[in-house]
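Participant: Listed below, chain by chain, are the residues.
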Amino acid sequence: MAETEVSKKRKRPIVRLAVLLLSHSVLVSVICCTAGVFGLLLLPVLAKNTYISENALMPGSASSMLSNQEVSEANKLIKELNNLHSNPLGATTESHGIVAKYMSNLGAQVNNHKFHPQLNQFHPLHFFSGPDSGVMQENSTRSLYGINTVGIIRAPRGDGKEAIVLVTPYNAVKGGVRETLSLGIAYSVFSLLTRVTWLAKDIIWLVADSQYGEYAPVAAWLRDYHTPAFSNLDSLNTETCHVGNNNFESKISYGIRRSGTMAAALVLGVAYGNENEDTLGIYAEASNGQMPNLDLINIVHYLAVHRQGLRVKVEQFHWLLNSKWVKSLGEVFESLGKMVKTLNPDWKLGISAADYVEGAATLASSLYHQALGVPTGPHGAFRDYQVDAITLEFSLRISFDRLDRRNDFLLHGGRLIEGVIRSVNNLLEKFHQSFFLYLLTSPSKFVSVGVYMIAFALLVAPLPVVAASLYAKTLDLNPTSEKDKSATSNELGSVLQSWKWLNSVKTVFVVHFWGATVSLLPYFISQIPDSDPTTNFSVWILLSILSLEILRWILVSPSSHIYGLPQGEWATLKSATISSFFIGLGLMSVINFATAEIGALLMVPMALMAHPLKLDVRGQSLRSILRMICNLVLGVITFPPATFFVFKGVIEGFSGINAGDFWNWVESLWAWNSATYLYIGMVHLPCWVLCVQILLHPC
Amino acid sequence: MAILLSRRSNLLAVVVLVLCQLFLYAAVSSSGSVLKQGGGEEFSEELLLKPFPDRKVLAHFHFQSRAPHSSSHGRHHHLFPKAIAQLVKKFRVKEMELSFTQGRWRYEQWGGFDPLSSNNAKPPGVELWAVFDVPQSLVDVYWRNLTHTLSGLFCASINFLESSTTYSAPELTFKPSFGNLRYGTLPREAVCTENLTPWLKLLPCRDKAGLSALMDRPSIYRGFYHSQRLRLTSSESGSDEVDSGIGLEQTLTVVLQPSSWRTGKTYSVETNIQPSWSISSIFGRNIPGKCVIAKSSNVYLHLDNGLVGELKNLERENAKYVANTFESEGFQSNHAFKISVTPDKVFEEVDYLHGKSTSVIYGFSVEKYSDSQPFDLGLTWKIPVVWSCQQAPLHASRFLMGSGNERGAIAISLESTESSEGLPTSHIIDGRCELRVDIFQVVPWYIKVYFHTLQVFVDKQPRAMADVVDKIRVSPSKDKVSPGVMEMILKLPCGSKSAAFSLEFDKGFLHIDEYPPDANQGFDIPSALISFPSFNARMNFSEDEFLNNSPILSKFQETSPVLSYTEVLLIPLTTPDFSMPYNVITITCTVFALYFGSLLNVLRRRVDEEERILRSRAGRKAGWISQLLSRLSAKLRGRPQEQPTSSLPYSFISFRLVLKILLVASIAVTWQYYFG
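Top line first, the protein sequences correspond to chains R and V.
Positions 432 to 1130 (the working numbering) are the ones given, in order, by the first sequence.
Positions 33 to 708 (the working numbering) are the ones given, in order, by the second sequence.
If you are wondering where the hints come from, they were derived from the structure by calculation, not from laboratory data.
Hints are supplied without guarantee of correctness; some may be wrong.
[Claimed, not checked] 25 Å max Cα-Cα, derived BS3-like pairs, lysine-lysine:
#	chain 1	residue 1	chain 2	residue 2
1	R	K545	R	K605
2	V	K492	R	K545
3	V	K529	R	K545
4	V	K233	V	K207
5	R	K758	R	K769
Please model the complete structure; the sequences and the hints are all you need to start from.
Facilitator: Pasting the structure below:
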């Protein structure tokens, strides 16, 4: 007898460990969450310097061939286009003709591409679906169209299997030097590339007609390039339009010309800079947080900084740069780094506080833009076709009107683009050597997936532990409570008691189903004609509440109070909530890591802490009061619209906040098919509702 | 010597006498074969130059060697390369063509209708086809051996065509054959001088004399298109006296940019004058006379019909005020351009059907030139001329559709060009005017094409397959055995502006050792071959004795269908991370270690053994420290001392373990701090 007891006590080590974790779930969750947040804050410190991983790229190893001759040719084009703008009537059609004429004089193959701008429309079932040729709206107005001009240089000795794409958005209606300068840069490079002998890949220059936004023309061209509709009955591209009196124009075909598989794409833009130096902005985030290969950013950064003397910047949260707490955090990390350095000079962990603040601001912006899932420029359209692309935005310190200054700028910009194209041209394979999953903390520093995953893993780790421990507690609780109570109850009842968790799972399921309905509602609301965002938003909220009540009334209420025991029910509900949230976060981390990270940061403390308020009020200890306060604050903050408004208020100030802003924001999310929208609707919101339900649980 | 031997045996004497006679005869014929054409072997060299509308110049070298069949002539050759003769004999090659190409032939600018482009525009990389004179069961064996031999002969990886996944046996469209034709391409084969040198070795003068002396490697390889081709035809002796023997046709087609264009670069349309060039400016060399053993050595300048038509128009405009009527003979120094050398012959194409403008060829004989007085032909333009080359009836392009690593579609689009408008009326079949188009396409097995998904669109309208496709032959691919082959004979209605075909496919997975080097580049789908059998790419010249002596011009007069090749496609397939094996090995080892560790643990453990040992140890003695500690704790708690249980030594062991670890760690930290 004694022997069996001893053997019963001794369990396998892994089981013992699990039991230990479960019994100390509170401690585990506190430690893990703190470590997770700390790990996130530590990321700017842990960032590594970027390096060019693919040896074949060899950026900057060849001296630049672009000379003043090409620049003066480009100036000619700029001048002609600017003159055109003095009479805006017909400027659009003629500008295409001029660009096409310049292209074909260089010996490039030119064609026009006509497209209808697609209005942003909500397709509830088109998330994650690939680009589809059949997605042409019937009701899109036929009169609206834009014309892209495409020039292709065939590589002299290449086999035309691959191509490099150069995109310059150009708005002929708006006109102005700013618009034409990017054309000038592209033209100077293009004219050089028609004569070089080293070209192995074809060059496609797309002059995107950005009257209807910069993204739409690029996306339309890519769609027609990759998935043409052969049986296009309205025959969009074949109809010839002879608006210009120039007979050259009629020669340009409207059929799309093709080259091979795209190796990389560069989008050029010029902005008015108000900074002290010439800068180059790099925008890389595509839809759903997809990033181009880090090598592409690396070569641009290397060439811009070390060859052309431009300052490279990536997007930052400027409000973070001035915030006090980040600065003090940076100082803490700096002193910590110094301390570590005294222990071992080889450990290079310390960065200066200023660097930390910069890195944190960049990292936050990088994380935010990836999480948002909305592309930050026309390059996003390329990522849908697995093409690595970035947007380069030049900004100048003084105005472009001075000719010598402009020439200098064209020369530098052109040489940068030439160098990047030459590097990509060297590439035998597609980009695959370097990272695809990373966060930038500065143009030359990055955090790879292996590092930033740890913070997320730490944040998420307590979820299953807490869920399991809660469930284990209810299991321990039930038999003792039932022995005296329901000794006489029938067997069916006891079986049902042991399956009690099904009830809470059902609740969770119903709430998730409601979440799906809520995510579909905007589609119907957006059909309402002539409505402003604020009313849309209120209608959405009203309908959501209504549908929740209906669902509860239909599904939950009849069964919940028959077998369900009031005490302990909230625990199973919380356990089920946490498990479902854990699964949701896990799935989301695969689709868009940054969303999952931010979502975990917001929602994990709430999910872990949720505790019925009634019990806390009854408890009257310091701990329960603290928990109550935390729960109340978190419960308000984690409600998605509230989160949005708080965030917006922090960034832009609370003065100009309008209730319709949230609607607009959500609309932009579904217009870009962002998975973040699905996450909010189907993971975050249900979890919040369930947490609130736990808080208000009548026990 | 023969007399001495003849004494030994009569039989031997007869044999040796015959041999002797043969030897003498061979010696005589070798000295005379240069002059005497009836001696069997002959060699001729020719060069054709042609200006293109896009300021480039085509240079087409054509070398032709002929040898009578070996059975009639023994195993020795004087001019004809022995390697080729042996190859023909050993592998029973009836017909063979091998081409090495770099760059693309630009059908839109350089034309696709004339025999020059139909015969010499080839897909990038290596293309090889051969017809064997052996039973069908043996064809594959002979093909394999042939590829290996050619691979050695031309320093190229033609031996990769040996694998059955790379070659196919077209039956319908490519060439009329009876199952003994094999066709294979290597789109990724790089072409360089190491392929040209063995090719030149087949020429009797190599590149030391004659026209081939022009082949300055840097200038040849600087061009926009470079294609070297070798074509063999052999026929059984006895069948036909005239054509019997082996014919070897070696051509090198290059498209070059005259260097003057670079300096005089102007973009405005007004000064869009064609660059003036000469042989020395293009190649950097002159022709130092003919190869002395060549039967004929000629240079031609070809002005195609578009250019001639444009020139005639200009002439007509000028004729209003200049009393200078157009003469074909005096064409070489008109107001539009000037040729530096007076041509020996002028051939004008005769177009019986249309009577439209026709192309003109100027012939120059190199025979009278020598080292001291080299031949240098120059063309100087005086006024800008804009023209376009005659294109194939339909311009074919092929592209990939879709995105992602899972599936996609291949689309072939045919767009009508100007030349299809003036269709000859002879194609009206059953009262319906139809245009016949043949498509031949080979797809590697890892691109799993679903042939049932073939969609046909004519003039942007979907059509049933039976309406358009006259005949189709499909052999689906077998994984790792054979590629998918599709041959289609189409009947398109005349006047259709465009036609498109699309085929869907799934991308397959390869085994890790089947990936080529640089697998992340993607995989090639070889060019499809589009031919238009209802059009003949041939030129008609007025009958002339000279024409029969010129292989290149008689080649132009042969009837051959208009051919064009589509682009090579690059398909990105899923490629494994090739550092993965390392990770797999690591994880597998871990799993194995865990598995065997626990298995061994279970196997060697005896039930309750541990407990017994522990108890006996506890009963025997507990360490004095532990006893002290337990007493201490008991005193502190104010409880009677517990009996030492099994758990106590365990905790004690762990305590000691912790102590040890701490000790080691502190040593390490101090070491690191002071000496690290």
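Participant: Evaluate each hint against the coordinates.
Facilitator: How the hints compare with the structure:
With a C-alpha separation of about 19 Å, the suggested pairing of R:K545 with R:K605 holds against the 25 Å cut-off. The hinted pair formed by V:K492 and R:K545 meets the criterion: a straight-line CA distance of about 17 Å does not exceed 25 Å. Restraint check: the Cα-Cα separation between V:K529 and R:K545 comes to about 19 Å, which is no more than 25 Å; the hinted pair holds. About 30 Å separates the Cα atoms of V:K233 and V:K207, which puts this hinted pair outside 25 Å; it is violated.
At roughly 16 Å between alpha-carbon atoms, R:K758 and R:K769 fall within 25 Å of each other, so this suggested pair holds.
Checked against the numbered hints listed earlier, the structure breaks hint 4 alone; every other hint is satisfied.
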